[in-house]
Amino acid sequence: MRTLHADERGELFMIEVIHSGNAGQFGDLLDKQFRLRHEVFVGERGWTAFDVDGEHEKDQYDDDAAVYLVAADDAGTVAGGFRLYPTVLPHMLSENFAQLVDGALIQRRDVFELTRFAMRKSERRSHHYFELLLAIQEYGLMEGLSGFTSVINPLRIPILQGFGLEIEPLGLPAMIDGEATIAVLFHVSEKCLARVSKSVAIKDSVFALPQTSRRIA
Amino acid sequence: MGSFKGKHFQTALSAIESIANAASMSAVGDVVAATAKSFGYNHICFLASTGVNQPFEDRVLLKVWPKPWAEQYSASNFYASDPVAPRIRRQPELFTWSDIRLDEVSPISRTIMEIASVDYGLKFGLCAPVHGMNGYQAGLSLAGYEVENTEDAHGAIELVTMYAFNRFATLRSHQRAKLIALTLREREVVSWVAAGKTAWDTSVILGISEDTVNKTVTAAMHKLNAHTRAQAVAEAITQGLIAF
Chain B
12 MRTLHADERG
22 ELFMIEVIHS
32 GNAGQFGDLL
42 DKQFRLRHEV
52 FVGERGWTAF
62 DVDGEHEKDQ
72 YDDDAAVYLV
82 AADDAGTVAG
92 GFRLYPTVLP
102 HMLSENFAQL
112 VDGALIQRRD
122 VFELTRFAMR
132 KSERRSHHYF
142 ELLLAIQEYG
152 LMEGLSGFTS
162 VINPLRIPIL
172 QGFGLEIEPL
182 GLPAMIDGEA
192 TIAVLFHVSE
202 KCLARVSKSV
212 AIKDSVFALP
222 QTSRRIA
Chain G
230 MGSFKGKHFQ
240 TALSAIESIA
250 NAASMSAVGD
260 VVAATAKSFG
270 YNHICFLAST
280 GVNQPFEDRV
290 LLKVWPKPWA
300 EQYSASNFYA
310 SDPVAPRIRR
320 QPELFTWSDI
330 RLDEVSPISR
340 TIMEIASVDY
350 GLKFGLCAPV
360 HGMNGYQAGL
370 SLAGYEVENT
380 EDAHGAIELV
390 TMYAFNRFAT
400 LRSHQRAKLI
410 ALTLREREVV
420 SWVAAGKTAW
430 DTSVILGISE
440 DTVNKTVTAA
450 MHKLNAHTRA
460 QAVAEAITQG
470 LIAF
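Protein chains in written order, with the working numbering: chain B, 12 to 228; chain G, 230 to 473.
Hints listed in this document are in silico derivations from the structure and should not be mistaken for laboratory results.
Label-pair restraints from in silico Cβ distances:
1. E190(B) / Q239(G): 19 to 29 Å
2. E377(G) / G114(B): 20 to 30 Å
3. N250(G) / S137(B): 32 to 42 Å
4. I466(G) / E190(B): 46 to 56 Å
5. Q301(G) / E201(B): 50 to 60 Å
6. T88(B) / K236(G): 47 to 57 Å
7. A109(B) / M362(G): 22 to 32 Å
8. K234(G) / H198(B): 15 to 25 Å
9. A304(G) / A212(B): 43 to 53 Å
10. G114(B) / N250(G): 14 to 24 Å
No residue lacks a Cβ here, since even glycine has one placed at the ideal position from N, Cα and C.
Can you make the complete structure from the sequences, with help from the hints?
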């Protein structure tokens, strides 16, 4: 695969990090993210429990502690994204899927939970999907995290391993409401970042702001 | 939840750890075989996808089969009609032989299943496919007489299969990288061969002895698995090791 730099790709799709501190500035993008989640999780997967108004999908973890990584272009079109939530607070794995964890629950400052990974249907194998995969590592390192817990379909493990992610199972796979699920920990490390970066052929930072200016900001 | 880990999860975790530390394909295979055996399977076959038309033997990552079954399988060319093989390619989810509907497979496939069950006493079989980002990658096919047929056992086998394949793939890519890693000098020399220079020309250009040039070309040929200088040049170009 050939490496394309951001300027060669033509469109400047970047990943925005949206949290309670800057949500006002990114209100529109955040709203589009909730709409995309409705499309994917209510429309396609039929999870009706968190259908707010027939247009947005939200649950009790969409609060001030949540951080959203959203892949969007200059025109504000959202290709995909995911949500991060501190594991030191009650979170989805601790409150809803604790039975998937065999052993002690991970509740640490340097581990966040990754949920609601949603890609627009046309973007599932796109560059934006690759950027978001890389963002897991890049954001983790930027924030000094050691990993992200997540509940995923076990069939995704070989796919994500193929992209270079290091995945630790936290329990055996189990069926929940007819869906195969497993709790996992995605490790964050320079080594993983390098592997994912190589496999998706993206060398640049996937974030809109350079890491240095983000730290100062 | 307490910190007590269930037996099967513990089995899976220690297998995954051994797999991560395995330095060779056969060491990975040993872990898979030991895990399968701990659940009562004594017929173990781990096949990789390397092109659909590849013969059975070329795709085997691991095979632990009692001799009579191995001989029967090979002599009767069971692979061609083994009902498990096409399903492993099609379906990413783990399945058991009992999931295979007899009315949906060919008469030859039914006969094979009957022979396995009646002649060899293989009452239970399980398949754990591995499907990656480009679809079907590999599949573990297990069979036995007295096996542990529980959801947890299946989950543990599913996990170990995925991690084993991932390790196989990593080791294989390391092996390839090692094989084609030409030194700077080797690439230089092969480039001059490609440009039509003789060993003597090259020795003058690079300021080294003709003997060194010849030895370097031989080393490059060996790494590229080439029998002639022309083959080495063609292979080096194909692999992008030299510009052309």
